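*Asks:* Residue numbers (the numbering used here), protein chains in the order written: chain A, 11 to 324; chain B, 4 to 108.
These aren't lab readings, by the way, just hints derived from the structure by calculation.
Take these hints with a grain of salt, some might be off.
Unchecked claim - So the derived list for chain B, only partly shown, Cβ under 10 Å to chain A, looks like this:
id	residue
1	M4
2	D72
3	P76
As the list claims (entries may be wrong) - Some, not all, of what chain B presents toward chain A, calculated at C-beta under 8 Å:
id	residue
4	R38
5	I40
6	A43
7	M44
8	A47
9	R67
10	L86
What the hints assert, rightly or not - Just the calculated beta-carbon pair ranges, DEER-fashion:
id	chain 1	residue 1	chain 2	residue 2	range
11	B	Q77	A	R169	25 to 33 Å
12	A	Q170	B	A50	17 to 25 Å
13	B	Q77	A	V295	34 to 42 Å
14	B	L65	A	V295	52 to 60 Å
15	B	T55	A	E36	51 to 59 Å
16	B	P30	A	K70	21 to 29 Å
17	A	P89	B	P30	33 to 41 Å
18	A	L23	B	L29	13 to 21 Å
19	B	P30	A	E36	48 to 56 Å
20	B	P60	A	V91	29 to 37 Å
21	A	G76	B	D12	41 to 49 Å
Just so it is clear, the structure is predicted and the values come from calculations on it, not from any experiment.
All C-beta atoms in this analysis are idealised placements derived from N, C-alpha and C, irrespective of residue type, glycine included.
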Amino acid sequence: MAENTLRIVAASLLSGGAIQQNWALEVEFQGIAQDWVLRTDNAATLAVSLPRAAEYALLKAARAAGVTVPEPLLLCEAPSVAGAPFFVMRRVAGIAAGHRVVKSDTLGGGREALAMALGRELARIHTITPPREDLHFLGAAPEDAALAFIAAQRAALDRQRQPRPALEWGLRHLERTAPSPVPPRLNHNDFRTGNIMVDEASITAVLDWEFAGWGDPAADLGWLCARCWRFGNVAQEAGGIGPRAALYAGYGEVDDARVRWWELAAHIRWAAIAIDQAERHICGVERNLELALTGHIVPELELDILHMVEARDA
Amino acid sequence: MHEQPDAADLLETARALLLAELLPALPASKTFAARMIANAMAIAARATANPTAWPEPPDAALIRAGVYDPGTPQHDEVAARLLAIAQMRCAISNPRALRNHDLAG
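Put together the whole structure using the sequences plus the hints.
*Replies:* Pasting the structure below:
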């Protein structure tokens, strides 16, 4: 047997990932048994989602910045090998499922410790600044991330089959109260409960880098704290996991008002994504009950948005 | 006239059977799918049972243009109408969220 022979002993499709497929691979490589994860695209890919090669480069950049991510092992862009581009990373042990993580008082070292650790991870991600040759695919940073967000969301609403007055209400409020721009940082853009893998002691991996981009670092904090990402455990404001104060303490210096602005933005962004996912089902690109039900999250998000605007305007 | 029981009744009855007798017999890997089906049936039943008269939704373009901003004459009425519509939509899609909001004030 050649020294570099790789043998796949077992392969199984992992759950989760409406956009990507994740395969758990048990392999023997150079005679050593290893657990890998192979990540590749599903049939229908969201236009805003980055290709696998980009996600691989982000994993490498994040790892170099000290972020807890799975070790990226290899990238294959030739579609002839597996039908679509894919990359392989080392498999990390732990739990990511949001509804389970928010119920536990002990995972990740306990609520306080885990919220602080989330803050530290985000702070490390935000040490990455443009320009970066290895992250050229992210394009130029927006001059004003807040106004760019509003413009992008309005453009998305204009592409949809029906007007969304409640979302417009939220966007107009955001426009009236937009914070002044700050120097851009790398944003994970989906840093939330459900995408953070933890074991009993700590965070074991920050997953799902496919939406990363340059922006206002407070956007990541706002996305994590948004009520809609607390998995029902609304009292723990840092993702349903722990106290907001612990998250901020782990992060370092935080402009709370700026985070709150991005929290409202988070609800609008999630509503727009949910509408897009339902649209994939409705227009027939991908007939799927999970996508169909995602559309029915939107009314609750509208309620959240309207209540937040009312409180912020008071 | 359709024969009775009506669509909402059929969906509710079928859903109850799914949850009471099929779900406990399913392997763990299939319970998520069963719960999604139950949720879809519940939404469809509520939508069928509630042929409510909806308020006219405010004009999205005018909201965007700032015509109903705070301090304008129509602001309070438009805000109240948006909230009423969102509550009615929630009552069909996710009534639990409506209750959570009542509790939160």
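*Asks:* Would you mind marking each hint as holding or not holding in the structure?
*Replies:* Hints, one by one, checked against the model:
{"no.": "1", "hint": "M4", "verdict": "violated (30 Å)"}
{"no.": "2", "hint": "D72", "verdict": "holds (7 Å)"}
{"no.": "3", "hint": "P76", "verdict": "violated (16 Å)"}
{"no.": "4", "hint": "R38", "verdict": "violated (10 Å)"}
{"no.": "5", "hint": "I40", "verdict": "holds (7 Å)"}
{"no.": "6", "hint": "A43", "verdict": "holds (6 Å)"}
{"no.": "7", "hint": "M44", "verdict": "violated (11 Å)"}
{"no.": "8", "hint": "A47", "verdict": "violated (10 Å)"}
{"no.": "9", "hint": "R67", "verdict": "holds (5 Å)"}
{"no.": "10", "hint": "L86", "verdict": "holds (5 Å)"}
{"no.": "11", "hint": "Q77/B - R169/A: 25 to 33 Å", "verdict": "holds (28 Å)"}
{"no.": "12", "hint": "Q170/A - A50/B: 17 to 25 Å", "verdict": "holds (20 Å)"}
{"no.": "13", "hint": "Q77/B - V295/A: 34 to 42 Å", "verdict": "holds (39 Å)"}
{"no.": "14", "hint": "L65/B - V295/A: 52 to 60 Å", "verdict": "violated (32 Å)"}
{"no.": "15", "hint": "T55/B - E36/A: 51 to 59 Å", "verdict": "holds (55 Å)"}
{"no.": "16", "hint": "P30/B - K70/A: 21 to 29 Å", "verdict": "violated (39 Å)"}
{"no.": "17", "hint": "P89/A - P30/B: 33 to 41 Å", "verdict": "holds (34 Å)"}
{"no.": "18", "hint": "L23/A - L29/B: 13 to 21 Å", "verdict": "holds (19 Å)"}
{"no.": "19", "hint": "P30/B - E36/A: 48 to 56 Å", "verdict": "violated (22 Å)"}
{"no.": "20", "hint": "P60/B - V91/A: 29 to 37 Å", "verdict": "violated (50 Å)"}
{"no.": "21", "hint": "G76/A - D12/B: 41 to 49 Å", "verdict": "violated (59 Å)"}
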